[in-house]
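Visitor: Heads up: the sequence shown is residues 1 to 235, going by the UniProt record's numbering.
None of these hints come from the bench; they were simulated from the model.
This structure is a prediction, so every number in the text was calculated from the model and none was measured.
This list has only true hints and no planted wrong ones.
Here are the computed lysine-lysine pairs in the BS3-like style, where the Cα-Cα straight-line distance is at most 30 angstroms:
(1) K6 - K226
(2) K6 - K221
(3) K56 - K6
(4) K6 - K35
(5) K35 - K56
(6) K6 - K21
(7) K21 - K226
(8) K6 - K202
(9) K21 - K221
(10) K35 - K221
Computed Cβ-Cβ distance ranges for the label pairs, DEER-style:
(11) G132 - K202: 40 to 50 angstroms
(12) G63 - V168: 29 to 39 angstroms
(13) L177 - R225: 31 to 41 angstroms
Note that beta-carbon positions come from the ideal geometry of N, C-alpha and C, so glycine has one too.
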Amino acid sequence: ADHKGKERYVHLQEHLRFEPKGVLDIGANRGEWSKMIHSIWPSSPIFMIEANADHKERLLATGFPFEIGLLGNESRTVTYFRAPVSVDSGAMQYADTGNGIFPEATASGVHKIFQRETRVMHTLDSLARGRGQFDLLKLDVQGAEIMVLQGATNVLRGVHFVQLELAVVPYNIGAPLWTEVQAFMHRIGFEPYDLLATQRKKGVLIFVDVLFVRHDSPFRKAAHRKARLIVNRNS
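My request is simple: use the sequences and hints to build the entire structure.
Guide: As structure tokens, then:
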């Protein structure tokens, strides 16, 4: 899962000559996706944002600049849900994935499973201000994709590609599903470009990782030209 979609990004580099001026990793977790991107584009600056402070040491070890912050559509106080996995020596241990403002749907119920924390939510525009231009953006934010992008009007102006993890079935309580997020992306000027990965549980499709491209991006136009050549060659 850490390197999902790597071959598709290599394809993007080799076939469209895409070289990111800046890469923004939202929901960086331990920084594995950023390290994968750095292996393809070692000269592209990377900036990571992660809501879970437990990952601070791991993110420091990557060497990439980062911020610990919870992102959304405006600056306000919200409830943040953390998923405990065990109690060790009387101290609660928390899961390192699945935390966010939309708790995961569980048979046991939200109140029994999740620790609630009051957190200050920020916009992506505010945390990324002064960090330069980004043209590749990845979000893995547990169902908060639309909210984060609503707070990223300025950042999105220079973005060519956006990677989103989208839920096919209800997984986070109150979070939008794939079709709703795709409709939102269309409204803000992005179309699906590539399918990077799928996640299944017991054979059931749960998540898809989709790479979106800006509708008026020269890379989209170049990809369409190549596609027409391939279709014509095989017809």
